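A.B. asks: Sequence:
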Amino acid sequence: MRAYFAEEWCEPKDLVIREVPDPAPAAGEVLVDIKAIGLNFPDILLIAGKYQMRPKRPFVPGVEVAGVIAAVGEGVTDKKVGDRVAALCWIGGYSDKVVVPEVDAYAIPHSISFEEAAGLTVTYQSSYFGVVNRGELRPGETILVHAGAGGIGTSAIQIAKAIGAGKIIATVGSEAKKQIALDSGADIVINYKEDPHWNKKIRKEYGGADVVIDPVGGDTLLQSIKCMNFEARLVVVGFTSGTITQIPANLILLNNISITGLHWNLYQKDHPEKIQASVKQLIQWYSEKKLKVVIHDTIPFADIPKALDDIGSRKTHGKVIAHP
Numbered sequence: 001m002r003a004y005f006a007e008e009w010c011e012p013k014d015l016v017i018r019e020v021p022d023p024a025p026a027a028g029e030v031l032v033d034i035k036a037i038g039l040n041f042p043d044i045l046l047i048a049g050k051y052q053m054r055p056k057r058p059f060v061p062g063v064e065v066a067g068v069i070a071a072v073g074e075g076v077t078d079k080k081v082g083d084r085v086a087a088l089c090w091i092g093g094y095s096d097k098v099v100v101p102e103v104d105a106y107a108i109p110h111s112i113s114f115e116e117a118a119g120l121t122v123t124y125q126s127s128y129f130g131v132v133n134r135g136e137l138r139p140g141e142t143i144l145v146h147a148g149a150g151g152i153g154t155s156a157i158q159i160a161k162a163i164g165a166g167k168i169i170a171t172v173g174s175e176a177k178k179q180i181a182l183d184s185g186a187d188i189v190i191n192y193k194e195d196p197h198w199n200k201k202i203r204k205e206y207g208g209a210d211v212v213i214d215p216v217g218g219d220t221l222l223q224s225i226k227c228m229n230f231e232a233r234l235v236v237v238g239f240t241s242g243t244i245t246q247i248p249a250n251l252i253l254l255n256n257i258s259i260t261g262l263h264w265n266l267y268q269k270d271h272p273e274k275i276q277a278s279v280k281q282l283i284q285w286y287s288e289k290k291l292k293v294v295i296h297d298t299i300p301f302a303d304i305p306k307a308l309d310d311i312g313s314r315k316t317h318g319k320v321i322a323h324p
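Quick note on the working numbering: the sequence shown kicks off at 1 and runs consecutively.
Certain hints may be false.
Claimed, not checked - Label pairs and their computed distance ranges (CB to CB):
{"#": "1", "residue 1": "D297", "residue 2": "I244", "range": "24 to 32 Å"}
{"#": "2", "residue 1": "Q281", "residue 2": "N256", "range": "27 to 35 Å"}
{"#": "3", "residue 1": "I244", "residue 2": "T298", "range": "27 to 35 Å"}
{"#": "4", "residue 1": "I244", "residue 2": "H271", "range": "22 to 30 Å"}
{"#": "5", "residue 1": "T298", "residue 2": "A249", "range": "40 to 48 Å"}
{"#": "6", "residue 1": "S258", "residue 2": "E205", "range": "23 to 31 Å"}
{"#": "7", "residue 1": "H271", "residue 2": "G140", "range": "24 to 32 Å"}
{"#": "8", "residue 1": "R2", "residue 2": "G207", "range": "51 to 59 Å"}
{"#": "9", "residue 1": "R2", "residue 2": "D83", "range": "18 to 26 Å"}
{"#": "10", "residue 1": "D14", "residue 2": "G140", "range": "45 to 53 Å"}
{"#": "11", "residue 1": "E205", "residue 2": "M53", "range": "40 to 48 Å"}
FYI, nobody ran anything at the bench for these hints, they're computed from the structure.
No experiment lies behind these values; they were computed from the predicted model shown.
Quick reminder that beta carbons are idealized off the backbone N, C-alpha and C, glycines included.
Modelling step: build the complete structure from the supplied sequences, incorporating the hints.
C.D. replies: Spelled out as structure tokens, the structure:
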């Protein structure tokens, strides 16, 4: 089979394709014949050695895939050969086949394509835990979602709408991306480049935010604090701006706000039952047509490095899916 390898900490263009033997599932594992691969911003950080997890090199990157189970290991009881699954692998996904623990392969209905299933895993689960578990969004509340045309942004908007948010505000970096956020369900979309005082507008014109989902960090995080309501919650999802901000404690105190982090990986490691519950809810919302995976592009396997560059430079929206 083919697989992309990061032989050293590197840029996407430095990934190397190798032919390697098919892996075999050990006890409690399943082998997935990959039909679609979800590309993610954390993949870029991982291969550059800038992510929380630093695997031993060389390694095959790739967090999420969807496909068909080709083999099962000893002791596997809930999955069988031929089952359609979405799977979390963290490493190994940029390949034709990957082995994952049975608990990390989630059955998907035939109504979901492999492309959509590959896009419904990392970003939608991250957004689910950000909006539901950490942000504790309640029906009728106002939510502010930054990078509203990105993978986290579009999924967080849809999840907030499914919950019954009273008002969904999104920020984007271009006029072209406004419609993407609106199509995902945002009520109000602000181009922060054209309106540098967006936080004042949210406070004065739209009544402030009860929950903020921030995958950007940097100055965006600091400005968000200034438009948050009493006892509002800000969820730090990531730092696509490249800046990790120092937060003045007095800003937290002045309006009784909470700032909470989301390291979604830990749920898979320490609370897999919560991951299973989130998958069940996401599939239910999908079947009710409350969710629609926003796919920017589907690309051939050979174009993965270039697509990662595009993701890193914010040239994409929603999800990019690769076909082995």
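A.B. asks: Is the hinted range of 24 to 32 Å satisfied by the C-beta distance from H271 to G140?
C.D. replies: About 28 Å separates the Cβ atoms of H271 and G140, which means 24 to 32 Å holds.
A.B. asks: Just tell me: holds or violated, for the beta carbon distance of R2 and G207 against 51 to 59 Å?
C.D. replies: The hinted range 51 to 59 Å holds for R2 and G207, with Cβ atoms some 53 Å apart.
A.B. asks: Is it true that I244 and H271 lie within 22 to 30 Å of each other by Cβ?
C.D. replies: About 26 Å separates the Cβ atoms of I244 and H271, which means 22 to 30 Å holds.
A.B. asks: I want to verify a distance hint. Is the separation of the beta carbons of D297 and I244 within 24 to 32 Å?
C.D. replies: holds (30 Å)
A.B. asks: Honestly, do I244 and T298 meet the 27 to 35 Å range at C-beta?
C.D. replies: Since I244 and T298 have Cβ atoms about 33 Å apart, the given range 27 to 35 Å holds.
A.B. asks: For the range 23 to 31 Å, tell me whether the beta carbons of S258 and E205 fit it or not.
C.D. replies: holds (24 Å)
A.B. asks: For the range 40 to 48 Å, tell me whether the beta carbons of T298 and A249 fit it or not.
C.D. replies: holds (46 Å)
A.B. asks: Between R2 and D83, does the beta-carbon spacing fit 18 to 26 Å?
C.D. replies: The hinted range 18 to 26 Å holds for R2 and D83, with Cβ atoms some 23 Å apart.
A.B. asks: Per the hint of 40 to 48 Å, is the separation of the Cβ atoms of E205 and M53 within bounds?
C.D. replies: The hinted range 40 to 48 Å holds for E205 and M53, with Cβ atoms some 42 Å apart.
A.B. asks: Given the hint of 27 to 35 Å, check if Q281 and N256 actually sit that far apart at their C-beta atoms.
C.D. replies: Hint holds: Cβ distance 30 Å, inside 27 to 35 Å.
A.B. asks: Is 45 to 53 Å respected by the C-beta to C-beta distance linking D14 and G140?
C.D. replies: holds (49 Å)
The earlier numbered hints are all upheld by this structure, with none contradicted.
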